[in-house]
Amino acid sequence: MKRGPCFPQGRCESGYTEVRGTEIRTFGVSEGDVTAIDDWIERVAEKWAINQRAAFRVRLCVAELAANVLEHGNKNAVDGGHMAVTIRKVADGVEVEFLDSLGAFDLTRASETVAPRSEPGGWGLKLVRAYAKELSYVEEGGCNRVRFTISSRDETAGSA
Amino acid sequence: MQIAISEFGHDAKKVVLVGKLDISAAQAIELPLATIAGSRANIVVDMTAVDFIASIGIRQLVLAAKTVSRASRKLVLLDPNPLVADVLVNTGLGELLQVVHSEDEARAVFSAGAM
Chain A
14 MKRGPCFPQG RCESGYTEVR GTEIRTFGVS EGDVTAIDDW IERVAEKWAI NQRAAFRVRL
74 CVAELAANVL EHGNKNAVDG GHMAVTIRKV ADGVEVEFLD SLGAFDLTRA SETVAPRSEP
134 GGWGLKLVRA YAKELSYVEE GGCNRVRFTI SSRDETAGSA
Chain B
23 MQIAISEFGH DAKKVVLVGK LDISAAQAIE LPLATIAGSR ANIVVDMTAV DFIASIGIRQ
83 LVLAAKTVSR ASRKLVLLDP NPLVADVLVN TGLGELLQVV HSEDEARAVF SAGAM
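Chains as they are written, first to last, in the working numbering: chain A, 14 to 173; chain B, 23 to 137.
Rather than coming from a laboratory, the hints here were simulated on the basis of the structure. Quick caveat: nothing in here was measured; it's all calculated off a predicted structure. Treat the hints with care, as some may be off.
[Unchecked claim] To spell it out: a stretch of chain A is covered by chain B in this simulated footprint if at least three of its residues, at any positions, have a beta carbon under 8 Å from a beta carbon of chain B; those stretches are:
hint	segment
1	46-58
2	69-77
3	139-149
We put the CB at the ideal spot given by N, CA and C, even for glycine.
Bound conformation, chain A alone:
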């Protein structure tokens, strides 16, 4: 799979790399890819025996980021657009890195209130901010790199 320079250089041609406790996979930008990302995260979470709550929140945050790229990303990206997800198992949960090549978008600065509460728009961002801890954003060579952690001990988001 052809990838931009900011993408992880995996050893496998399919864009998949696995190092103990870390998994990286690269995807295109399509509805099928968004679904494939979720399926992959589910499998990794099961393999690592990540608790159900943490796994759910990892899947949700990544799904929202991926859906945002699909909906709003620059469709004229030179390399056709790619998303790469890195999942790293840490002592208290999971570290996630989400990389996309579809135009600068700093979600740490974007406003959630772009629409009235009952109108679509901003819900995904709101959910990422509700669940993702240590959320950070960096733009690198036209790619967006978002990092966050999901604690396997986090009991405080929302009212649950």
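With chain A's structure known, arrange chain B on it following the hints.
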């Protein structure tokens, strides 16, 4: 995602969703939900077997809820699991997407709305 639709009393429909309410499921339920919402019936969406939800799935539920609301009807969500319920809380849509925990509770909501 699987979807099954049935009658729920004389003026309501029950929509049972099974699986994950993600980007592809949102497309799958869009038309059936819109059709039912447009029929001026109350709607109870059985969420007991929904194990994942993303904002794009919530969007379809909200669109249906707003459609039935315009006809002075109600849409309620039946017994989502705690992780799904937490997502609904965090989107701030609790008022529009009312959660009930039994079919009797759903009927009570619909009856109250009819008064």
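Right, here's what the structure says about each hint:
| no. | hint | in the structure |
| --- | --- | --- |
| 1 | 46-58 | holds (count 3) |
| 2 | 69-77 | holds (count 5) |
| 3 | 139-149 | holds (count 4) |
When the structure is compared with the earlier hints, no violation turns up for any of them.
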